[in-house]
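Heads up: the sequence lines are chains A and B, in that order.
Residue numbers for the first sequence, in this note's numbering: 37 to 474.
Residue numbers for the second sequence, in this note's numbering: 580 to 886.
Just to be clear, a hint being listed does not mean it is correct.
Claimed, not checked - Result set (DSSO-like, lysine-lysine): computed pairs, CA atoms no more than 30 angstroms apart in a straight line:
no., chain 1, residue 1, chain 2, residue 2
1, B, Lys820, A, Lys236
2, B, Lys836, A, Lys236
3, A, Lys39, A, Lys464
4, A, Lys146, A, Lys132
5, B, Lys836, A, Lys255
6, A, Lys316, B, Lys733
7, A, Lys316, B, Lys836
8, A, Lys132, A, Lys200
9, A, Lys464, A, Lys418
10, A, Lys316, A, Lys416
11, A, Lys223, A, Lys200
12, B, Lys743, B, Lys605
13, B, Lys605, B, Lys725
14, B, Lys743, B, Lys727
15, B, Lys743, B, Lys733
16, A, Lys200, B, Lys727
17, B, Lys820, B, Lys836
18, B, Lys820, B, Lys743
19, A, Lys417, A, Lys316
20, A, Lys464, A, Lys416
21, A, Lys256, B, Lys725
22, A, Lys316, A, Lys348
23, A, Lys316, A, Lys236
24, A, Lys255, B, Lys733
25, B, Lys727, A, Lys316
26, A, Lys132, A, Lys316
27, A, Lys200, A, Lys255
Said to hold, decoys possible - Taking beta-carbon pairs under 10 angstroms as the criterion, some of the chain B residues facing chain A (in silico):
no., residue
28, Ala794
29, Gln797
30, Glu809
31, Glu830
32, Leu831
33, Cys835
Stated by the list, open to error - So the derived list for chain B, only partly shown, Cβ under 7 angstroms to chain A, looks like this:
no., residue
34, Ile793
35, Ile826
36, Cys834
Derived from the structure by calculation, the hints contain no laboratory data.
Keep in mind that this is a model prediction, so the values were computed, not measured.
Built from N, CA and C at the ideal position, the CB exists for glycine as well.
What follows is each chain in one-letter form.
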Amino acid sequence: MNKVLLIRNGLLVSSVETALGDLLIENGKITQVGANIQHPDAEVFDAAGLYVLPGVIDPQVHFRDPGFPEKEDLYTGSKAAAAGGVTSYFEMPNTKPATIDFDAMQAKKKRAASVSLVNYNFFAGATASNLDYLNTVPNVAGIKIFMGSSTGDLLVADSHDIEKIFAQGRRLIAVHAEDEEILRHNKASMPATSVFDHPKIRSAEAALKATQLAVMLSKKYRRRLHVLHVTSGDEVIFLAQHKDGNISSEVTPQHLFFQAPEVYERLGTFAQMNPPIRDKWHRDALRRALQAGVIDCIATDHAPHTIAEKEKGYPAAPSGMPGVETALPVMLTLMHEGLWTLNQVVRWMCEMPAQLYRVRHKGFLAVGADADITLIDLNKKKTVENGKLQTKVNWSPYHGLTLQGWPIVTIVNGNIVYREGEFFEDIKGREIIIDQEV
Amino acid sequence: MQHRSVLSAGQFTRHDLDHLLALSAKLERDLKTRRMIPLLDEYILATLFFEPSTRTRLSFESAMHRLGGRVISTVGVQFSSLAKGETLFDTLKMVEAYSDICAIRHPVEGASRIAAQSIAIPVINAGDGAGEHPTQALLDLYTIEKHKQISSRKQRVAFIGDIKYGRTIHSLIQLLWHYDTELVFISPEELRLPQKYREMLSRRDIPILETDRIAAVQDCDVAYVTRIQEERFADHREYEKFRDSYIVDRELVECCKPGLIVMHPLPRLTEVSTDIDNHPAAVYFDQAQNGLYVRMALLLVLLEVEY
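Isolated chain B (complex conformation):
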């Protein structure tokens, strides 16, 4: 990989992705028979979470532990010296001294880029505000590859819900454009794809369909569902109407193309009905678990440890 940090999904080449997917698959396979793959026993990961995210933080920490490494972390800004008025820069310089790699989540867009410029150790963006969430995008891609083999077969991927603010969507599309794919964006008019991404996709000749009709999901191979948040709407009734219009349930899945997979970055509210949790189409729990393998692969690659 060119960069020694992971800041944006846009930084990856197809070659990087092929390598990361293969490595993740190998780790997943090997972890079926082993509990630990102790390649990083001389390394320390710092997880700096300036906003809450149990799932992502635990997944990073578990990934490091499974590789035999150590973890130091700060959870909740109130416990850190940031609360005493220390700048992000000063905090990072301390972290640089104590660890070999760091994963950072911060409410401000671009925070991880500033971090990477401030310190010499690799930085992994674990979500920065409304910006990007590249490791989520990688685990999403890995999930699509695992279930639908997107590297060898064209896949029609539907994004359902909040296309405007959904940062996992914005990151994932920057990976998907390396593949043979068609993208279908299903959302209320108010929550459509930002123009920036529409242009990016058009430059890369990725066919897209934008619609408010949930019915468009029927001939897709992947349904990537996201939460529609109430605060995006001025009117509570509008919110309720949209929330109920974009629900994916068992009957809907059974009306779709056979083999469809339903993904969700979790946590969910009602947009994916629990009545498909045991349906073969529902891969969102597997998707969450895949975060472990993908983050293990990233730690190995960034620390330049062969496996």
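If we strip away everything but chain A, and leave its shape as in the complex, we get:
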């Protein structure tokens, strides 16, 4: 903890520049940034040829802890995060018990403090009747509302109940935006015989309708809103027209990378998630929206289910796929394809999540910032293989694909947690501090 680490000759990356330099880390903080930094007691890490990023923040993961130890837990999930260069995560409340009261939140934080290898915080899950908790539970990422039902039984589908949550309090509200009424109607009226039906049942119309409601409520009550995993060109254009300073949104790497129907041909129900992966028209719209700033950041929606569960066929198989370990390599692979720059990736995966969630002292390589750092080899190629992953479910939708650009070292609060396949587990991550709305 008290050791001094000097990262020498790395290429320090921010959203606006890439510059050769050194970083000095003392007591878990960055204390100097510049050229030729000298320190008599520092352990020197030669980062020549590596890019040095502010630690990646993943603002949407499901680590299934407590309740589903066969899928994931806070230890294995955080280990997968470290291997993926992710130094901080916000975890979702649809666990068992759900994180819908003070005790559940406290238990989660306590458990994370003892097992999580990287920094953590949690969303408070909204129900129709826990407003007091949502607005007073201290230091959480935000309030999560499932407007459409997904994994678990957390759901606030009634628009009056949703409005009540928007009307009281100031804390950020993150929504899973799918309209439950349309989902139910489609489930009742459409065939559900193969996974190809999944994006039809969970239609772009359902996503748009819920996003419209959330945006309308945010404007009515001037409430900070984050639209989780935008998946459709329809939401993109609606957000382009109506987004204001109170509203932000995210997209997952899998919605940027994959497209229907090909992804379902290749992966079947293993590609099934909510909201679903849609066709190329939507995928291209999401890519452009990210470039245009209509979508603000990347989140993985890491949502593991076991291979046995995923093999149940459609519609019995649960929705969700792991991703925290592969998000950065996927975004860097798309960078190599010419879609965007490394600086943009840093903006979307490091700076913006910190800014949007008012995370204190993270997201930037600056003096005084927490020493959460991801060192990457931009050219390293590695083929993703099921069975060789850190996530407990040990499969990936990218199985068999060679991704280019991998994290080499992950540093959390000044401690090396991951280094080229090796983990250093004695020191744990810390609770992420969220600056409250004033």
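Once you have looked at the hints, place chain B on chain A.
Just chain B, lined up with the frame of chain A:
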């Protein structure tokens, strides 16, 4: 051109259009180095505007002046003998005696056709009621050709807003069907394309998509935006909802296919946000200026003066 008058966008052949576009381009190019191309110094244009339209009238008059011709005009029905009860026919006979060509705008659909049948000089329809506006369609086509080269590359053209009553749209689609194109009509249910035009397009095998989703603009090459007028709606709240749903702004444009151009016949209200005025996609001011070159080309062709 077969007719010596311009009455409907539907009258043009592809050959006519190729000629007019080439001539317009030549005039635009030459006017970069010259202020006047005095080929019509022996001719007089009469502009008869029985309803107000500053832009179209000024553009016709400027076109005639740039060609060295003279203009006589009547603006506002209250000053003309029409106010004293003279028939349109009698007015036109006088105009025929005083000028060599006339541009007419009239609130009654078909007025320009009656005019053309009444007099021997060429008549240009400068907009007749809910009917057609063929010179606007020509300048729109010229703008699409100039920015997107529709004569050599397939273009997906989106029309956004009032597809039902938008006469510039009704005229433009009759030109576009001479080209390799796909048309996307984006409007509220209440303002959809009239059946007549749907059938015309289907006879010519032009693929069309009709939707109320503004998101459909994203993979188009051209976004042609028109004003949604409040009087089309019974309910003010409905109007506001649609007005706000069909706004094209900077962020929307940046979410669209690169190279998209945004057109508007002007004047606009809020449907095209001023925040894209300086964006490369915004071509509506250029579009308005193109009216000059296209109308110059038409005057030359109709008066059979070579250039």
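So, going through the hints one by one against the coordinates:
1. B:Lys820 <-> A:Lys236: holds (27 angstroms)
2. B:Lys836 <-> A:Lys236: holds (24 angstroms)
3. A:Lys39 <-> A:Lys464: holds (15 angstroms)
4. A:Lys146 <-> A:Lys132: holds (16 angstroms)
5. B:Lys836 <-> A:Lys255: Between Lys836 of chain B and Lys255 of chain A the Cα gap is close to 29 angstroms, so the pair holds against 30 angstroms.
6. A:Lys316 <-> B:Lys733: Holds, at roughly 20 angstroms.
7. A:Lys316 <-> B:Lys836: Judged against 30 angstroms, a Cα distance of about 13 angstroms means the pair holds.
8. A:Lys132 <-> A:Lys200: Holds - the C-alpha atoms of Lys200 of chain A and Lys132 of chain A are around 25 angstroms apart, at most 30 angstroms.
9. A:Lys464 <-> A:Lys418: holds (28 angstroms)
10. A:Lys316 <-> A:Lys416: At roughly 28 angstroms apart (the allowed maximum being 30 angstroms), Lys416 of chain A and Lys316 of chain A satisfy the hint.
11. A:Lys223 <-> A:Lys200: Answer holds: Lys223 of chain A to Lys200 of chain A is near 28 angstroms, not above 30 angstroms.
12. B:Lys743 <-> B:Lys605: violated (35 angstroms)
13. B:Lys605 <-> B:Lys725: With Cα atoms ~12 angstroms apart, Lys605 of chain B and Lys725 of chain B stay inside 30 angstroms; holds.
14. B:Lys743 <-> B:Lys727: holds (26 angstroms)
15. B:Lys743 <-> B:Lys733: This hinted pair holds, its Cα atoms lying about 25 angstroms apart.
16. A:Lys200 <-> B:Lys727: With a Cα-Cα distance of about 50 angstroms, the restraint between Lys200 of chain A and Lys727 of chain B is violated, given a limit of 30 angstroms.
17. B:Lys820 <-> B:Lys836: Status holds; Cα separation ~26 angstroms.
18. B:Lys820 <-> B:Lys743: Distance ~18 angstroms between Lys820 of chain B and Lys743 of chain B Cα, so the pair holds.
19. A:Lys417 <-> A:Lys316: It holds: about 26 angstroms lies between the C-alpha atoms, which stays within 30 angstroms.
20. A:Lys464 <-> A:Lys416: holds (28 angstroms)
21. A:Lys256 <-> B:Lys725: violated (44 angstroms)
22. A:Lys316 <-> A:Lys348: The given pair, whose Cα atoms are some 27 angstroms apart, holds under the 30 angstroms limit.
23. A:Lys316 <-> A:Lys236: Roughly 14 angstroms between the alpha carbons, so the hint for Lys316 of chain A and Lys236 of chain A holds.
24. A:Lys255 <-> B:Lys733: Not OK: Lys255 of chain A and Lys733 of chain B at ~41 angstroms, beyond 30 angstroms, violated.
25. B:Lys727 <-> A:Lys316: holds (24 angstroms)
26. A:Lys132 <-> A:Lys316: Judged against 30 angstroms, a Cα distance of about 36 angstroms means the pair is violated.
27. A:Lys200 <-> A:Lys255: The hint holds at about 14 angstroms.
28. Ala794: At 4 angstroms from the nearest chain A Cβ, Ala794 of chain B passes the 10 angstroms test, so the hint holds.
29. Gln797: holds (5 angstroms)
30. Glu809: violated (19 angstroms)
31. Glu830: At 4 angstroms from the nearest chain A Cβ, Glu830 of chain B passes the 10 angstroms test, so the hint holds.
32. Leu831: Cβ of Leu831 of chain B sits 4 angstroms from chain A, so the hint holds.
33. Cys835: Constraint on Cys835 of chain B satisfied, holds at 7 angstroms.
34. Ile793: It holds, given that the least Cβ distance between Ile793 of chain B and chain A is near 5 angstroms, below 7 angstroms.
35. Ile826: Nearest chain A Cβ about 6 angstroms off; hint holds.
36. Cys834: Holds, about 5 angstroms.
In summary, the structure is inconsistent with hints 12, 16, 21, 24, 26, 30 from the numbered list given earlier, while agreeing with the others.
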